[in-house]
Structures are given as C-alpha cells and as structure tokens.
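J.: Sequence order for the protein chains is A and B.
Here the working numbering is used: position 100 in the first sequence is 209, and no number is missing along the way.
Here the working numbering is used: position 51 in the second sequence is 160, and no number is missing along the way.
Watch out, some of these pointers could steer you wrong.
The list makes no distinction among identical chains, and a pair is therefore deemed to hold if it is satisfied within one copy or across any two copies.
EDC-like mimics (lysine to aspartate or glutamate), calculated; alpha carbons at most 16 Å apart, straight line [claimed, not checked]: (1) Lys295 to Glu326; (2) Lys415 to Glu168; (3) Lys416 to Glu175; (4) Lys389 to Glu355; (5) Lys376 to Asp161; (6) Lys285 to Asp370; (7) Lys388 to Glu205; (8) Lys376 to Glu298; (9) Lys388 to Glu355; (10) Lys191 to Asp165; (11) Lys388 to Glu326; (12) Lys389 to Glu319; (13) Lys295 to Asp273; (14) Lys401 to Asp354; (15) Lys285 to Glu326; (16) Lys389 to Asp165; (17) Lys389 to Asp402; (18) Lys421 to Asp374; (19) Lys295 to Asp324.
Don't read these hints as lab results, they were simulated from the structure.
Residues per chain, in single letters:
Protein chains: 2
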Amino acid sequence: MSKQSPGLVALVGAGVIGRGWIRVFASAGAKVRLYDQDPAQGPKTLEWLRADMALDEAEGFLAKGEGAAILGRVTLENDLAKAVAGVDWVQESAPEKLPIKQQVFRELDRLCGPETIIASSTSALNIGEIAGGLPGERRCLMAHPFNPPHVLPVVEILGAPGTDPAVLERASAWLKACGQVPVRMKRYERGFLGNRIQAALIREAMWLVENGVADPEAVDAVIRDGLALRWATIGNFGANHANADEGIEQYFSRYGQAYYDMFADLKTDNPRFDSPTLKKIGEMVNRREGVKDVAGLLRRRDVMVKKLRRMKAEMEPKP
Amino acid sequence: MSKQSPGLVALVGAGVIGRGWIRVFASAGAKVRLYDQDPAQGPKTLEWLRADMALDEAEGFLAKGEGAAILGRVTLENDLAKAVAGVDWVQESAPEKLPIKQQVFRELDRLCGPETIIASSTSALNIGEIAGGLPGERRCLMAHPFNPPHVLPVVEILGAPGTDPAVLERASAWLKACGQVPVRMKRYERGFLGNRIQAALIREAMWLVENGVADPEAVDAVIRDGLALRWATIGNFGANHANADEGIEQYFSRYGQAYYDMFADLKTDNPRFDSPTLKKIGEMVNRREGVKDVAGLLRRRDVMVKKLRRMKAEMEPKP
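Okay, chain A solo, but in the shape it has when bound:
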C-alpha cells in the first residue's frame, strides 16, 4: 500500500486494447512487460507504439526523446509465468469471450503472487462471472478503459463479489496517479456506464436521421457544436445545474414535466443501421473533419482531445 503507483506491470494481450495500456503505465514510470499468446504480436505492437509516439513528439505532445524513454521501460515476454512474476499489476486484454477470460483469469490467479492486482479490460462481460470463485478473487477487478486510454482517461472500475474493497481503492488511486480518471461502478449492468449512455444518445441521433427529421450533419452539429461543449467542460449534471438560477433542483422542479413529456416521445425502435445511410454519414464526417480516412480521423481526434484536455487541466480548480 505504500507505493504511489505500480512499479512493475504485466500486460496480457497486446492487441488494440492491450497496446493502449503501455503508455498509461510506462509514462507514469512503471516497467512494463508485454505478453501475447501470439509471439508475433508484441513486436508489431511496439512498432505501432514507436510510430504513434513519434507523431506525438513531432506535434509537441511528447518531449523529444520521451518516446524512446517510454519504450525503454517496455520488454517483450513470451512466457506468461515470467511475465507476471513479481508484478504489482496485471492488465488482461484477451479476446472478449467469457470462457477465454475465465481461463486466462484462472491461470493468472495461479501464477501471480498474492499482492498482485489482476484487472480485466473487458468491455462487456461481468467481472463476477470472470473472476468469481477464484482463490484470489479478492485481488481481481474490472478496469475497462476507453480507447486509447492515454487520450481518453476514463476507466470504469468494478469488483467481483469477493473483491477486497481496499484493492478497489488501491487500483483507483494507482490509475489516478497514472493520469487516468477511474470511475467506480457499484454493480454490473449491461454496457456499464459509458456504453449505456452512448447507446441512449446513438439511438435518438439515428432515429432523427433515419426518420428524416434532419440530415446527419445537422444532428451531429447539435452534439459537436452545442450539447457536447457543455458536457465536455462541466458534465451533463453540471449543465443541468447551470440551467436555472438556483441550480439543478430548481431546474428539474421547473422542467421535470417537460422532460417527462419528451421522454414519452422518444422512440424505442431499433435503428436500421442501413448501409447507404451509414456510408453517407461516414462521408459527411470525413468531409467535415477534412480527413481522407479513418486513420486520419483518429489522428485528428487524438490531437484535438489532447489539446482539449490540456486546456481543462489548466482550468482545473486548485484544491
């Protein structure tokens, strides 16, 4: 408990989710061991990371040489037992299938020392089903990142039924020390917090487009240049609180009925997600953002989000 952040970390799974964790931990000074069942994956991942960080150095998001320093803390390890020996934290990012996750967790629980925290990146499964009943259940938890985690800092945290609350505390404190924003869930719900909220928004946004209320560019502009300017700065509850002179209580006592009327009017039909509409939306996004493809969009998003987070960090209230 004396450590401020994990000093030695094993990442199990070096795919798109696993690779995102490298920078989170290594930037915070941890030594990182990267393991993947496929020995060819690790070198590819390091190559990707090198290129990604070179772009960040070119654009000033990393100091010159910082990428090399981060890579210097990462080693590839093809033996799982050796990868996890003596580490403070194991982050599992195996394929998203319950039997696979269960098997990986059984193995990790057997291989890891008693003080090692074992965290799952699962984006959909119930940690209670992944780790419940293991001898070391007390040190197991879900730590579900957004992607990429060094850009989008939220990590959803949930324990299995037998997880030690002190482990959840330590895991949250460590992630915070690594620059993430850990958010604690109290129980499993399908989609966790982020995907549920996103799903609610997507369903309504798609309904408006598919039913001809407005073009996709109009619907997206309302989010991008309207609602989300508030959400990204003071949150949704902050926006509600700001919407009446005396705050959120007054706001919903005044407009609660108008919201009930609106809720009753929101459709629950599934969007069709038909190809022509989606193709048109993708083209609109590329045109609006001035990019040729998804790779260009990802890069643009990362740059903008990093600038936005830098601004927010400068505006962070002093305690």
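With chain A held as given, fit chain B onto it using these hints.
T.: Only chain B this time, still in chain A's reference frame:
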C-alpha cells in the same frame, strides 16, 4: 440577397434569451434595436451586457474597448413599430406560450416590411402553429438558440409550411456570417434535435444514479472525461466512424446486435428527480468545478467553452 449579414436587427423581448442575441448580431457589425414590452427591462439588460463584456475584456475574450463598441451599436426602443421599421431581421424572444407567440407574430407580420425576416427563439413550440397562415408566412421561421448563443453557437432552424426556402437559406447564411452554427430541421418534433438528444442522455444518466449503479460523480465523469471529449471534437457520428478500421458502416455491422441488446436493456421509467438526490448532485458539481454557486459555474463554463471553441477554430480544416 446581396447582404453578407443583417445590417439592422430588432430584438423583441429582452429577457434571458433575447439578451443573448445582442452580442451575436452586434459583434457581427449589425445595428441592434432592443424592444421589450416592459420598458424597465431594456436598461437592465444593457447593464447585464456591459458587466458580462467587461469580464470578457478582463479575460481577453474581447479586446479592450470592444464591449463599448458593441454597446454603441445597440439602441433601446419602446415603440414596437419604430423598433422593427426597415430592419433586415426581427428576432422574437417573447414568453414561451403559444397564444402570446401567435399574437406577437401577427403584430410583427403586420408591422414589418416584406423583405424583413421574422425569426422566433421558441424552444418548444411549433413554428407552423406560431406563423402558419399569416399573410407574410413566407418570411417567418424558427431560429432556436442555445444559451448563451455567443458561447454555444448552434441555432436550430425550421420554417413554417409556407416559409420560402430562399428565406431559410438566407437566414442560415446570415447566422453563419454572425459566427453561429445554423442546423436545419426538416419537420417539427417535440424538443427539436438538441433537447431530444439531451433528454435521452439525461434519462439514462439519472437512471444509473437513482438505481444505485454508480454515484453521480462517476456517471458525470464518464460523460465529461470520456464520451464528451469525442463528441465535442468529432461529434457522435465521427466517434462511431472512428471506432472501426473501415468506419461507421463496419462498426455498426459488427456491433449493431450488441447495440440492439443494449437498447433493449435501457429503461424507460421516468426519473424521480427527487430533491435529496438533486441537491447532492448540485453540491458535487460545485465541489468538482471549484465554484460557490450557479453564477460561478456559468462563468466557468463560458470561459472553458470559449477556450474549447478557440482550439476548435484553430483546428478547423482548410477548405
């Protein structure tokens, strides 16, 4: 049609919504006549505007003296006929009751020259019911702003059944020239675009809190430090498009069923909006944002949103 932006504007109603429009038009160089049924309202509004712009000058969002220049373009006018005589644009921000709006529109249509655009700030009513059947219906439309409009640029645009499409084009072009982001709706739906999307998000966020899935700070952090970082930079559809190597079509063909499962799981119960929960949320927001009250939160939001928009403007793709 030769004008790039409106040169002479009348604002009818100088309350919280009406006052926001002053800066939009006057900053773009228009002369603005401010009318309110209550002759005491105009001077109060100008006082508020002076103080608001003084803060912006102190913080560098306006150049020194720019506030005075903007105020120099605004005149108070207590006679409605004189206020609207010869103007390019009337923006109606009367109380949100259909009979009142209908009466104001009848009067405005009678008083205004044939080329004057008459726009309603209505946030909930159907412009077809407000302006439908008027002799000058063709130049009437809804232009619903976010608040305050010079900070949150989206304006929802919808015509009455008889509105001339050329008027909608000109209104959109003029608002764009004034720095706003006009978004066109194709038909009336309760809540328009923004409030519907916001309602869908609020319902799910409140459900997660009221049903003990997570604390309000956790739910709001997922929005503020996760989802909205993407939404505010590349929009929701942009985020979907970025989420698969080949874009949004691939994304929803791969995850469409997972979304259908999630949609089926989203509850449609009305939130209770009970006072103790709302009070707790308000306190959490004040603590997190480091403010004492709603006025402090509003100021903080405005500063952060202005910085965010400045960053986005710098990142705007060159055509």
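J.: Hint by hint, note whether the structure agrees.
T.: Each hint, compared with the structure:
1. In this homomeric assembly, Lys295 and Glu326 come within 16 Å of each other (Cα to Cα) only across copies, at 13 Å, whereas the closest approach inside a single copy is 37 Å.
2. When the C-alpha separation of Lys415 and Glu168 is checked against a cutoff of 16 Å, the pair qualifies only within one copy, where the shortest distance is 11 Å, while the shortest distance between copies is 23 Å.
3. Proximity of Lys416 and Glu175 under a CA criterion of 16 Å is satisfied in neither setting, with 18 Å inside one chain copy and 28 Å between copies.
4. In this homomeric assembly, Lys389 and Glu355 come within 16 Å of each other (Cα to Cα) only across copies, at 14 Å, whereas the closest approach inside a single copy is 43 Å.
5. In this homomeric assembly, Lys376 and Asp161 never come within 16 Å of each other (Cα to Cα): the closest approach is 41 Å inside a single copy and 40 Å across copies.
6. Taking the closest pair of Cα atoms, Lys285 and Asp370 never come within 16 Å of each other, the shortest separation being 40 Å inside a single copy and 32 Å across copies.
7. In this homomeric assembly, Lys388 and Glu205 never come within 16 Å of each other (Cα to Cα): the closest approach is 27 Å inside a single copy and 39 Å across copies.
8. In this assembly of identical chains, the alpha carbons of Lys376 and Glu298 lie at most 16 Å apart only when taken from different copies (12 Å versus 22 Å within one copy).
9. Taking the shortest Cα distances, Lys388 and Glu355 sit within 16 Å of each other only across copies (11 Å), while inside one copy they are farther apart (45 Å).
10. Within a single copy, Lys191 and Asp165 get their C-alpha atoms no closer than 32 Å, and across copies no closer than 59 Å, so neither meets the 16 Å cut-off.
11. Taking the shortest alpha-carbon separations for Lys388 and Glu326, only the intra-copy value of 13 Å comes in at or below 16 Å, while the best inter-copy value is 37 Å.
12. In this assembly of identical chains, the alpha carbons of Lys389 and Glu319 lie at most 16 Å apart only when taken from the same copy (12 Å versus 38 Å across copies).
13. In the homo-oligomer, the alpha carbons of Lys295 and Asp273 lie at most 16 Å apart inside one protomer (13 Å), although the nearest pairing across protomers, at 54 Å, exceeds that limit.
14. Only between protomers do Lys401 and Asp354 lie at most 16 Å apart by alpha-carbon distance; the minimum there is 13 Å, versus 45 Å within a single protomer.
15. In this assembly of identical chains, Lys285 and Glu326 lie within 16 Å of each other by CA distance solely across copies; the values are 15 Å between and 36 Å within a copy.
16. Proximity of Lys389 to Asp165 under the C-alpha cut-off of 16 Å is found in neither arrangement, the shortest distances being 31 Å within a copy and 40 Å between copies.
17. Taking identical chains as interchangeable, the C-alpha atoms of Lys389 and Asp402 lie at most 16 Å apart only when both belong to the same chain, with a minimum of 14 Å there against 44 Å between chains.
18. When the C-alpha separation of Lys421 and Asp374 is checked against a cutoff of 16 Å, the pair qualifies neither within a copy, at 36 Å, nor between copies, at 34 Å.
19. In the homo-oligomer, the alpha carbons of Lys295 and Asp324 lie at most 16 Å apart only across protomers (8 Å), although the nearest pairing inside one protomer, at 39 Å, exceeds that limit.
In summary, the structure is inconsistent with hints 3, 5, 6, 7, 10, 16 and 18 from the numbered list given earlier, while agreeing with the others.
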